[in-house]
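Chemist: Those letters in the sequence shown? Residues 139 to 460, per my numbering, in order.
Hints were generated in silico from the structure; no laboratory data involved. Errors might be hidden in some of the hints.
Calculated lysine to any residue pairs in the SDA-like style (CA-CA distance at most 20 Å, straight line) [unchecked claim]:
(1) K333 <-> T344
(2) K333 <-> S352
(3) K210 <-> L235
(4) K278 <-> A327
(5) K363 <-> A342
(6) K278 <-> I331
(7) K249 <-> M447
(8) K210 <-> K278
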Amino acid sequence: MSGLLALLDDVAAIAKVAAASVDDIAAAAAKAGAKAAGVVIDDAAVTPKYVTGFSAERELPIIWRISLGSLKNKLVILLPGLLALDAFLPQAITPLLMLGGAYLCFEGAEKVFHLLFPHADAVVAADLSTGDPLHLEEEKVAGAIKTDFILSAEIMTIALAAIPQGELWIEAITLAIVGAMITVVVYGAVALIVKMDDVGLHMAATGRTGAGRSIGRGLVALMPKLLAVLSVVGTLAMLWVGGSIVIHGMEELGFGWLGHHIHDWAAVAGHLVPQGVAAVEWIAKAVMDGIFGLALGLVLIPVATRVIMPLWSAVTGKRSAP
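From just these sequences and the hints, can you work out the full model?
Modeler: Pasting the structure below:
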């Protein structure tokens, strides 16, 4: 009997520890998700542009494929990779993030360059050519998943930094929860955005009241403009996030002069508007990070199109869109 009571006491103790671990995971996941919210907004702004121009019946399947690729990025590749790097080679995380930030700067600057000089670079023009619809869909999905990988790496890294040091399995479960939760929120929101015009069309055609039909027609008229705005926001977000990642990485590696100057200039701008110091400082810093990202991306365009892509083609035997 004493042995049975001791066993029950041990089971109760284990249950208490497990319950405390669940609470710890939930609290850490909420904190990590909040820390990564800024990059989540960028992810939501970037993604809709990848379904622009496709037929309505292909929009949700494309978003579904991208969301599955995003889950794979976060849970299959980034989660074990970041935990392994954090445990065995933490100094490699910053340079890898800087490479990802440089890629975002390149992609954002490529869009700006193509907008300003539509036919100035044959390689860029070929990269953005529509071509065969099925081939275009494959390229768009692959491009979206590659861009998602960079943003997901930033999200997961921020989340990992926000999780208190503890047992490896708790960190892994917390990161998995954060990654899955953010993917559902981002791509659920994207699906709602891109299908809102279909909702408006349905309301305009079947609405029982004049007000309902008017709202439907308003949605149909609004959504192309909203998608165009989101496309611009997505490009700006890539430049901002990419620039800030590279600048922060330079600070981590001991080259903090640019980051310090940007911080000081943002503080000066903030003090010019005493009623909104924090907001003005944030906006000023975001603008300067974005300008740096655009400059870096423009420098990387010839490097990527004249050096990296030909080398990649020589190695793989096929052209690869950056």
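Chemist: Taking the hints in turn, state whether each one holds.
Modeler: Okay, the hints, checked on the actual structure:
1. Pair hint K333 plus T344 holds up; C-alpha atoms about 17 Å apart against a cutoff of 20 Å.
2. The hinted pair formed by K333 and S352 meets the criterion: a straight-line CA distance of about 18 Å does not exceed 20 Å.
3. Between K210 and L235, the direct Cα distance comes to roughly 18 Å. Compliance with the 20 Å bound is thereby established for this hinted pair.
4. For a cut-off of 20 Å, the pair hint linking K278 to A327 stands: about 19 Å separates their Cα positions.
5. A C-alpha spacing of about 18 Å is found between K363 and A342, which places the hinted pair at or below 20 Å, so the restraint holds.
6. A threshold of 20 Å between alpha carbons decides the hint, and for K278 with I331 the separation of about 18 Å falls inside it, so the pair holds.
7. Of the pairs offered as hints, the one joining K249 and M447 holds, with about 17 Å between alpha carbons and a cut-off of 20 Å not exceeded.
8. Taking the CA atoms of K210 and K278, the gap is about 17 Å. The hint holds against a cut of 20 Å.
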